[in-house]
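Construct the entire structure; sequences and hints are all you get.
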Amino acid sequence: MSYQILGNDYFRKDGIGKVTGREVYASDVTLPRMWHARVLRSPHAHARIKSIDARAAQELGAVVLTYADVPHLKYNERIVSIPPHLYRDRTVLADKARHVGEAVAAVAAPTEQLAEKALRALQVEWEILPHYTDPLAAQRADAEPIHDSYILNGQEIPVENNVAVTRVVQVGDIEEGFAQADHIFEREFVTSRIYHAQMETKSCVCDPAPDGSITVYPTTQSIHNVRQLLGEIFSIPLHKVNVKRVAIGGTFGSSIQMNSIIPICVALALKAKRPVKLVSTREEDMYDHVRYQTKLKLKIGVTREGKITAGHMQALADIGGHNIQAYALLSVLAGWTASLYNYPNLKFEGKAVYTNKTPSCALQGFGNPQATFAAESLMDEIATELDWDPIEFKLKNYVGLGGTFWGQGPSVQSIVRSDGVPQLLHDGAQKIGWRARPKPGTQTGRYRHGIGMARGFHTSGAGAPKPGEVIDYSGAFIKINEDGSVDIVHAMMDHGGGTLEAIAKIVAEELGVPIERVGISPADTLTTVYDVVTHATRGVYAGGGAAHKAAVKVKQQIFDYASRILGLQADSLMIEPDYELMQGVIYCPNFPERRITLGALAKQLQVNSWGTLAAVESLRQVNCPPAYVTYFIDLTVDTETGQVTTNRAAIGSDCGTVVNPAMAIGQLEGGLSKGMGYALVEDNQWDAQTGQLTSKGFWIDGKTPAISEAPFVENIITHFANTYEPSGPFGAKGIGEAATNPCAAAYANALYNALDIRFTELPITAEKILSALAAQDERASRASDYLENKVVAVMQAAE
Amino acid sequence: MDKKTIHLTLNGEAREWRVYPNELLLNTLREQEFLTGTKYGCGIGECGACTVHVNGAPRLACLTLALACEGADILTIEGLARDGKLDAVQEAFLGQSAFQCGFCTSDMIMMTRALLNENPQPTETQVRDYLRGNLCRCTGYASIVRAALDAAEMERQETA
Amino acid sequence: MLPTNTHILYPEFDYHAPTTLYEVTELLAQYGDSARVMAGGTDLLVQMKMERRQPSQVISLMHVNALQGISQNGSLDIGATTSIQEIHRRLPQLYALAEACNGFSSIQIMYMATLGGNLCNASPASDSAPPLLTYDARVTLKSKTAERVLPLERFFLGPGKTAMQPDELLAQISIPAPLPHSGSAFIKISRVVADISQVCAAARLTREGNTIRDARIALGSVAPTPVRAAGAERDLIGETFSPALAEKIGKQAAQEISPISDVRATREYRQQVAAVIVRDALLRAWERAQ
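So the sequences go chain by chain: H, V and W.
Count along the first sequence from 1, then add 2; that gives the number in the working numbering.
Count along the second sequence from 1, then add 53; that gives the number in the working numbering.
Count along the third sequence from 1, then add 266; that gives the number in the working numbering.
Keep in mind that the hints were calculated from the coordinates and are not lab data.
Incorrect hints may appear among the rest.
Pairs of lysine to aspartate or glutamate, EDC-like flavour, derived with a Cα cap of 16 Å [as the list claims (entries may be wrong)]:
id, chain 1, residue 1, chain 2, residue 2
1, V, K56, W, D501
2, W, K514, H, E61
3, H, K698, W, E278
4, W, K517, H, E642
5, H, K119, W, E317
6, H, K433, H, E716
7, H, K353, H, D489
8, H, K273, H, D213
9, H, K770, W, E534
10, H, K299, H, E188
11, H, K15, V, E69
12, H, K605, H, E484
13, H, K119, W, E278
14, V, K138, V, E211
15, V, K57, W, E317
16, V, K57, W, D280
17, H, K299, H, E234
18, H, K698, W, D528
19, H, K299, H, E190
20, H, K15, H, D489
21, V, K56, W, E278
22, H, K551, H, D489
23, V, K56, V, E69
24, H, K301, H, E383
Structure representation (structure tokens):
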């Protein structure tokens, strides 16, 4: 299909602001009379607050908040799940610190310097409790409860053994399935607790008005969910809570939930009766959010013919001090596993455990990088052991066209209607030189070369025919201005990947208006209709889908009114962009002289007092099509230092119609960088004794790959499938999270290819590689000793 | 601790600042001058988000005392475009969509500008070396390298 | 977590910007322990933000011209506030030092940080110290009333600790004129490129034909201070160079150190990799010692 606008690159609409330093992020907002806030965070991993003496801080002129000053409503900060599945275990400020860095008090003062002074003047009396950095220790019968209870669906539920939630999902009968298998493979995989390392620390400004209303400028992926939560917590009717969209300096999932500082900032502003700004320091931010750390035991049965008969996944998630979305995490861990490969029989057993560490949340992929690391590592091993080419083996077993797909959990099922996997695997293999890859175990010498492959997907949104356990819909309001330009009023947040840009293109394409005449309005919760949140790789597919639906309606109005003016049937009309006039032009192919520009039409409507061409629509997508992705990694290992160099990467994406080509490539390149960090570098270690991060929250020791670790530009090969998703706007589906999901597994498989060693624990650091090589040497020398002894014994026997 | 007065040039204009000894250039720029294009990322010189030019050289504003800028010539991202015309580096970043969230874009552009001032025709290796201390969590850096090389090429053609 | 705030510089202090060396030493004599001199600020301000140091007086050295620049007076004299970037640009023939300077984590830090500052910070992970140790560098310390010269080796006492008295200032770093047919190299291992070293090593070799006339090996991030591997050095001198010898000496140097495990690396990794990079540095230094 060919399009006027989709698939072309333009200067981004937010580009001028971003390249001139004028884009406004939450941390850039400054208001008259504004005070600065600081948060008192627990130095202890688990401790009850006996008292806080705030007198000295107040004497300095600061406004002080403690647990006593804030609403005691227990809330869950991620209201994406439907109310029956919201695990409410936190309050605005804590009366008990459940992890180092938990917010227990806050101050605001005219300057940050004074706020800092006031913060240090707070005297806290702590009762130190035993703390747990290990989920196994936390589950011991005699362990101190991290939470006594939580609220679920209005009920207070006691917490036992610090287990936050469990979930079992079954398809068929795995015992029967494993009985049919000729081979059974099993491995345990451990993934790391990495930090989002988004460039902007969580920030918020709140401006209270004398009439009791508030205006909030937060770092968030969902302005509407922040609004609803603030309304509930502070008992303010929603029409008096306005949350403004400001640019986000990266979040990668860490602001799906309302960040903990937002209600603190609001509470301070309400108490101080003036605008308050709260910007987290980097060290605070590093104690605020991490990716879910999991231990995944995966068992797969296959027949002699290479067909999977059964799968069994046992997942343990270490969620930290609060349950942000552990129930949903277990659901998707089951879903990702079930939707990667066809398991006629599958059992998923998941358990999420509280520990006294930073609360975990989604990080680009939400459980998918973890599940895919396990599945794609094990599938590579199975294929190798059974003497299959991993590509062929995966093609035989993956969930593709016509398959049932329920990535977002058992309640979010739909049928796969577009599938670029065969093409991507074929193209990627060719680009990387898959057939010429080394044979494991054949290389000697210091530098060893390996090529590895992994595939995966993410869902485009969390929509399905049934309502499901998570909310998923978007809304858009589109109006035609009196000069023929277009305003899109959409609550969706753009992480920077170009979601809003894509939405503008979809609208421009549908309306036949030059993209230069389509604007994205500033958004806030007063003027937009609801959009759930920019997560789950749903921006283009669901957010774009809603905008498309509204555009279709506006287009019908355009034709209806134009038909009156042109004297032609509405159904005979067309509209397309005229770049000389910089207008959409409405015309009938049979009567080319009867034409009118959209601007002239809109102006005529105004002159005639006929009204505005506009529509507002909400859309629930009833599918969540898989955005497939394939990774081929070519690397070199220095076996003397353990250091890994990424030589080349071929990353293939099936995102349906490519709406923003340059930005889609950017998603894949960014996915590689973050995936490489997850695979090889990034880790967040907690000191078991103190419950502190070993990095102390300083970026000196929270390292991520940077430009030096990236392959050279020509060696990052990106490619796309020629697919069309029937349920997406102009055939588009998602890309964002998919872009990183299989990356770690591709690295692990490439390392196996180079070294003949399977790595099952992330990150695969230089140190781990060296010690695995040493163990390999030891095994080899033991084996040769054994062989030698055996030969000697045989010779002696012969004598 | 008392405020002191200093004089300097900021984005081509003369300025007088009254600052405390412990005031950081980063915060003076952001809070006194409202030049918020220069960002706080880590506060300890590990991310490059606060990069500005001081007397022509790239510096970290989070580790620079405002008082130490007496007499200095400071250029921030806001001063890069002149007379309503974008700098070639800004043009190139736009052309390559070499940003996503945009939070590191100011520092990446200021570093690329400093590189091209020193070395108008850098190789990719030289670009990588020069930008090694500037973190970007979105792009994976490839588009940034492409933009830097594009900017050099645009300026070469302009001077040719 | 630590009660820090890297968003601002919380500690309060008086700021001094003297223009002569004498003024600096006078201020140091006056304030002693409560003062810290500051050159580029890339270490001191970080430490103040992390609240590891809280001087009430900060004395900037950046307006003291006498402390800046590189001159050749028999020895190579480097003013303490000469930037890492300038050293990298102007002394490419001092391979190990130039490589170490380029090992700094960013170009911005190279422009801001100074050689004197890097040494006075006395980090066990200092990149510049191992090369300077292999060059037999000396440091000149000045107070209001006296001046003394110390071999760099005796300058470092422990993490963050130097032989400087509170009233003293590191004024100059001197490198003796290199012997002919000398070559040096520096190798750094870190988690990512822009990072503090997990372990680093520098080597200098002076050759006479195929014989090693003089040798120095120094390592960083393996002890409380940057250290020399004296035994390994001794076993090189007078020997005929060969890759096998470099391999053996690398292992020997690794045995001479006793690193600790910390957030960046384990003791075992440091020791194992030290042998590799000492060997590689020797091979490279030999090649350069033409």
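Results of checking the hints against the structure:
1. K56(V) to D501(W): Not OK: K56(V) and D501(W) at ~60 Å, beyond 16 Å, violated.
2. K514(W) to E61(H): Between K514(W) and E61(H) the Cα gap is close to 68 Å, so the pair fails against 16 Å, i.e. violated.
3. K698(H) to E278(W): violated (23 Å)
4. K517(W) to E642(H): With a Cα-Cα distance of about 13 Å, the restraint between K517(W) and E642(H) holds, given a limit of 16 Å.
5. K119(H) to E317(W): holds (14 Å)
6. K433(H) to E716(H): Holds: K433(H) and E716(H) sit about 12 Å apart, inside 16 Å.
7. K353(H) to D489(H): violated (47 Å)
8. K273(H) to D213(H): holds (14 Å)
9. K770(H) to E534(W): Holds, at roughly 11 Å.
10. K299(H) to E188(H): Answer holds: K299(H) to E188(H) is near 7 Å, not above 16 Å.
11. K15(H) to E69(V): violated (36 Å)
12. K605(H) to E484(H): holds (5 Å)
13. K119(H) to E278(W): At roughly 11 Å apart (the allowed maximum being 16 Å), E278(W) and K119(H) satisfy the hint.
14. K138(V) to E211(V): Measuring from Cα to Cα gives roughly 14 Å; hence the hint holds.
15. K57(V) to E317(W): It is violated: about 24 Å lies between the C-alpha atoms, which goes past 16 Å.
16. K57(V) to D280(W): holds (11 Å)
17. K299(H) to E234(H): violated (40 Å)
18. K698(H) to D528(W): holds (13 Å)
19. K299(H) to E190(H): holds (4 Å)
20. K15(H) to D489(H): holds (13 Å)
21. K56(V) to E278(W): Holds, at about 12 Å.
22. K551(H) to D489(H): With Cα atoms ~15 Å apart, K551(H) and D489(H) stay inside 16 Å; holds.
23. K56(V) to E69(V): Distance of about 12 Å is within 16 Å: holds.
24. K301(H) to E383(H): holds (12 Å)
In terms of the numbered hints stated before, the structure departs from hints 1, 2, 3, 7, 11, 15 and 17, listed from lowest to highest.
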